[in-house]
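My request is simple: use the sequences and hints to build the entire structure.
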Amino acid sequence: MSGSSGEGTPHLDVEELEQAEELVEQHLPKAEGALGVAEGPQRRGGWITALWAAPGFGFLGFYLIAPLVFIVLVSFWTYQVGAKSGFVTDWTFSNYTEVFKDRVYWDNMWSSFYRSLIAVAACLVFGFPIAYFLALKVNSLRNQIALFVLALAPFWTSSLTRSVAWTFPLMGREGALNQLLSKIGLSSIDDPLIEPLSETSVTLAMIQLYILFMVTPLFFTLSQVDRTALEAASDLGGNWWRTFREVILPQTMPGVVIGSIFVFVLTMGEYGTVRLVGGNAVSSVGTIVNSRVELAVQYPQGAASAVLLVLALIAGVFVITRFSNLREEL
Amino acid sequence: MAEEPVGRPSEGAASAAPSTPPGSDGLDLIDVTKVFPGGTVAVEDFYLHVDHGEYVVLLGPSGCGKTTTLRMIGGHEFPTRGDILLDGESLVHLPPHKRPTTTVFQHFALFPHRSVLQNVEFGLKMHGMPKEQRRRRAMESLEMVGLEPLADRKPRQLSGGQQQRVALARVLVTNPKALLLDEPLGDLDRLLQLRMRVELRNLQRQLGLMFVHVTHNQEEALSMADRIVVMNDARIQQIGEPLAVATRPETELVARFMGDNNIIEGLVASREGDRLIVENGIVRASVVAPGDARAVGDKASVAVRAAAVELDRNGSGPGDVNSADCEIVFVEYLGDLVKLHLTAGGDRMLAKVPGEQYASLRGREGETLRIRWKEEDVRLLR
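Line by line, the protein sequences are chains A and B. Taking our numbering, the leading residue of the first sequence gets 72, the next gets one more, and so forth. Taking our numbering, the leading residue of the second sequence gets 1256, the next gets one more, and so forth.
By construction, these hints were calculated from the structure, which means they are not laboratory data. It is possible that part of the hints are untrue.
Computed beta-carbon distance windows for the label pairs [as the list claims (entries may be wrong)]: (1) A:F226 / B:P1350: 30 to 40 angstroms; (2) A:L212 / B:D1515: 34 to 44 angstroms; (3) A:Y134 / B:P1350: 51 to 61 angstroms; (4) A:R393 / B:P1350: 31 to 41 angstroms; (5) B:D1515 / A:E89: 29 to 39 angstroms; (6) B:E1387 / A:G256: 48 to 58 angstroms; (7) A:L212 / B:D1442: 15 to 25 angstroms; (8) B:N1457 / A:A124: 47 to 57 angstroms; (9) A:I255 / B:E1344: 41 to 51 angstroms.
Listing some non-contacts, in silico: residues in chain B with all C-beta distances to chain A over 10 angstroms [as the list claims (entries may be wrong)]: (10) E1309; (11) A1406; (12) P1497; (13) S1541; (14) G1546; (15) N1569; (16) T1598; (17) S1615; (18) R1637.
Beta carbons are placed, not taken as given, at the ideal position from N, Cα and C, and that holds for glycine.
In structure tokens:
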């Protein structure tokens, strides 16, 4: 293995191998042709695929795109007391200027974002070992699926039930969590670590509610990792950490990105959990939008705040996708 | 060096006994046994010595324990009992990344997200070599396998043979003391396999490196190995040079696994000194077996290679020792040779004769034919 490839340097006689490979490859197309494999479905494929996709597009168009377009329209219309639905279709930008000036809205945007960030980070930190264990340490596919379904068990109950369980039974002043914490001496019931109806309890509830949206994509990408490649890495001198860092993590980035998008989008727009677990003590962009619409019946301004939230989400998702080239790696 | 190692089983693994005692240069497996949780015995009483620069092939049917043995050398499995030494130092308690061995895995096990160059330099990176230096070394290694123009490709953009060569470059760049190959040619097309056998063997000779190669392919083992270790059912059946394994099988399993052997199972009919006559009621074969303790009436099996069988066209009258009257069941023409499927009183026999004889054998199924063989081609099986 010394410098130049002069005589005596070990090498493979590559030319012969290339010739052999070429021969093999030349014969492949013929074989495939004979088996009818190579006959391209590409030409007619476009129309048939479009036909298959049509119901899905129809559904998305009616239930997702149309309402979104409508909300954007409403956000540019004028608020008027007494008018039908509370607005007239005169174009205006004032809804946005109102929202831009609104300190409460931006405070909530920031706190929701911050809460989402913590939730994403916590879901990653707690979710990764679960997914890692399921995908790489459990050996049989049957056990993997059984344990995965078990992990999904909390999702068999409605999210409302779970949220209610979080408020007083679990995270109330004398709830299970505080009792446990006081038992092990981390806090006392009189001075609990987790205040009920607080920022902390909302964040904890969100982590529990959404962690599976992180675990699932992580589990699937980790399952794709070739276990013998991990053995090869350790064979070539990589200890556990280096192997994780250099081989596992790069291959898992698509899962990290997709899971993060899920958790980020779901927690950032959260409304129900914030109301149920946080009561009146905690607010989010979601609750602000809701109060605009429900209490003040200010549809145009509510719509403008909602549009800004969507833009914030799109920006967030864009930033997250920068961490991995999904198109190439999936 | 002549000192006989102690403490190994007298029977079965006797021929497996290494010629040098542990503590010397090279790789030693001493009484290695692997029992999987659940009680499956994968490898049992495994003794082997491999010299530096030697090409050893572990050969056997799937599930015989050959891959488990290789994985124990590499550190991917831990032996239940026994020791594995390299140059006298025990490897057993070292994790794979601390062992001076590297493995070429069956399906290449390349890192899909890394370029060819990054795959090859991985081992050097893990050993903390500075970037410039490891790039240069990796390129040299790629040059050796003729892949430097593809250094920036991803593995999935390469053909099977190219991936195989990347896997080779990736392990060779780390300068291992022993290279372990797990069915390295299994994923290649046959034509490429044949070429790669020669190339791999040449490379090994040039490097002077110890190769331990696992395969289930008899032909591959015969064409590549300095020594073959035939395994079956967790145990070593025979260790020997390709010529010995092919022509002098020691056990019935080896004779059957290497293929194209006539096995005559019977009793010792008579004995004169070292010469035994083994008879199964129809066929009689004589064999010279010094040191064999079997007496008249004991069970004995012998093997005669199909290629050592000749056609006795003038034979008539009562059959002699080392000959048999057979009915032709099927004449199989294989170009270079003709395989005659025969039956002698219900026992299947096989003869391989030169291809030129096909003209005189064609269409003679159902006819009777006398075959004979030489005494020196008869092997007494353990």
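Next on the checklist: Name the hints, by number, that the structure is in violation of.
Outcome noted: The structure conflicts with no hint, since it agrees with every one listed earlier.
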